[in-house]
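Assemble chain L onto chain Z, guided by the hints.
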Amino acid sequence: MTAEPRFRRLARFVSPADRGFAAIVVAGSTLFALLILGLFAELALGSWPSIKAFGPAFIWKSEWDPIASKFGALPMIYGTVVTSLIAIVLAAFIGIMAATFLAEFAPRWLSTPLSFLIELLAAVPSVVYGLWGLFVLAPFVRTTIGPALQHILGWLPLFSGPIYGVGMLTGGIILALMIVPTVTAISRDVIAAIPGDLREASASLGTTKWETATRVVLPAAKVGIFGACVLALGRALGETIAVTMVIGNRPAISASLFAPGYTLASVIANEFTEATTSIYISSLIELGLILFFVSMIVNGLARLMIWSVRGSERTAV
Amino acid sequence: MRDELLAAVDLSAYYGERKAVGNVSIAFRRKAVTALIGPSGCGKTTLLRCFNRIHELSFDARVEGSVLMEDQDIYSAGVDPMAIRRRIGMVFQRPNPFPTLSIVDNTMAYGGRGLSRAQKQERAERALRSAALWDEVKDKLRSSPLRLSGGQQQRLCIARAIAAEPEVLLMDEPTASLDPIASAVIEELMASLAERFTIIAVTHNMQQAARVSDVTAFMLADESGTGRLIEVDDTAKLFTTPSDRRTEDYITGRFG
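Residue numbers (the numbering used here), protein chains in the order written: chain Z, 1 to 317; chain L, 1001 to 1256.
Isolated chain Z, as found in the complex (with noise of 0.2 Å):
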């Protein structure tokens, strides 16, 4: 009764211009809020058989038999959080070393170019790097990084056991390589957006440019960088392609990253098509219900570190 006057005594003020443009605004951001719905409805009604058949034991259970269509989705989800992880730990790392050199030491003559470069590493399409990874990635993993991690840390059950080449460390690593370029462009742009005035305040006090870089500037951009993390951590939880022609896809649980494993993606384009029984398909179908909630609780879980990070220095960004 109050809202609705009020409502209609802005609208009259309002040009059809204006009027136009947010008709088109609301149904761009009402799209895609639909999509996702409609996504969503799809993939439940889709996996409903699976559901009932299997109930949440589903997500627990480690057997993929389809011969008789058993089946559990848990070696799965611990094959897409093991790679992901891998990945965003060593892109991360090398990410934002790039992005710190790139925005604050390298020469202008240097980064631009270099830049320019790790952005056409994201344009490399991912089955590009699964042949990379499966005739050189893999075999190097097998000869090269794989015993000499297994002859540093071969006491812990991460690094032991025989070397296969293909594995989820060989995913991981691919993967990291393909996020590698959105940590750097990303956090390089924040780095570069750090006020220059902060740069100057910590110069004049005779500090090094190392000791701007970590004590002043990637403090401050630190927000952002996680976000870009965040960004590419997302990409590697569904990336498909690169993955399943390097983790040796076998649906087991193996505490050694040097083992084969599978992830919820590569299982979905692995078998979608000799999915023979309705209930095989629906099971695929419930695979890719998990990696949807997989990948939203994961930005959830990131979004509440970014609040709390936030939140102890409300004004900082």
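Derived from the structure by calculation, the hints contain no laboratory data. Glycine included, C-beta positions come from ideal geometry on N, C-alpha and C. It is possible that part of the hints are untrue.
To be verified - Derived CB-CB ranges, DEER-like:
(1) L/Arg1147 <-> Z/Leu110: 37 to 45 Å
(2) Z/Glu119 <-> L/Gly1150: 47 to 55 Å
(3) L/Glu1165 <-> Z/Thr208: 14 to 22 Å
(4) Z/Ser308 <-> L/Asn1205: 49 to 57 Å
(5) L/Phe1059 <-> Z/Ala122: 27 to 35 Å
(6) Z/Met97 <-> L/Thr1252: 42 to 50 Å
(7) L/Arg1147 <-> Z/Asn299: 52 to 60 Å
(8) Z/Ser29 <-> L/Lys1140: 17 to 25 Å
(9) L/Phe1059 <-> Z/Val127: 57 to 65 Å
(10) L/Asn1205 <-> Z/Pro16: 48 to 56 Å
(11) Z/Ala41 <-> L/Asp1139: 53 to 61 Å
Chain L in isolation, oriented as in the chain Z frame:
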């Protein structure tokens, strides 16, 4: 001990091909406040930035001539600019505390390398007291500097600069972004700091120069846009009986 701590000798500053400051020679008296005044674009800030070698951090910027600190040229080959910047502190036009460090950590950010934590804490307190900020922040030393008012932030920046125990304090329009009351506090502070530091302050506010400085230098850009030093004299004399016609025109408000 010579009466002059810092001196520019035939100093020119460039941005690329553009000469922003041309052939300035000026000496600064120890423990006095020297004001650099002049209309916008006269090169006074650029000149100031040459004294702690911050100018050369700008893109494509360079300096010719020399700046002597106790007869040593700070631009000579073997000199470490970082060592110079520890002896010559700077306060900027806009308050720029480090946003991610607490109030006390801002003060101790780099001051007193190699001191113990307790010594640093003590030095931070001394710096905050010298900057007339201690009483206002002593109960919230661990909170963010961004919760302080603009004037308090600027005094924090002054505390940060003097915690490094420099000999010279460069101030680039330190009150330009502050309200009149906060400006008055900073001006008072400058007078008390002059007992310990040699202060060089850029200002476009002539009243401020007249109030806070012992010596005033007037700069003006020539027709090619290069900043020239027109006249330097005791503040009282420069504002009452300037010897150059252009100084008189400026201080009487005929231009600028």
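* Status of the given 49 to 57 Å range, CB of L/Asn1205 versus CB of Z/Ser308 -> violated, 44 Å
* To do: Could you check the hint for me, namely that L/Glu1165 and Z/Thr208 are 14 to 22 Å apart, CB to CB?
  => holds, 19 Å
* To do: With 53 to 61 Å as the target window, see if Z/Ala41 and L/Asp1139 comply at their CB atoms.
  => holds, 55 Å
* Verdict for L/Phe1059, Z/Val127 (Cβ pair) under range 57 to 65 Å -> violated, 42 Å
* CB of Z/Ser29 to CB of L/Lys1140, is that within 17 to 25 Å? -> Violated, at about 41 Å.
* Note whether the CB distance of Z/Met97 and L/Thr1252 lies within 42 to 50 Å or breaks it. => violated, 58 Å
* Does the Cβ-Cβ separation between Z/Glu119 and L/Gly1150 fall within 47 to 55 Å? -> violated, 39 Å
* Can the suggested window of 27 to 35 Å be confirmed for the beta-carbon pair L/Phe1059 and Z/Ala122? -> 28 Å Cβ-Cβ, so the 27 to 35 Å window holds.
* To do: Using the beta carbons of L/Arg1147 and Z/Asn299, state whether their distance is inside 52 to 60 Å or not.
  => violated, 31 Å
* To do: Indicate whether the distance between the beta carbons of L/Arg1147 and Z/Leu110 respects the range 37 to 45 Å.
  => holds, 40 Å
* Asked: Holds or violated: 48 to 56 Å for the Cβ distance of L/Asn1205 and Z/Pro16?
  -> Given range 48 to 56 Å: holds, Cβ gap about 50 Å.
Comparing the model with each earlier hint shows violations of hints 2, 4, 6, 7, 8, 9; every other hint is respected.
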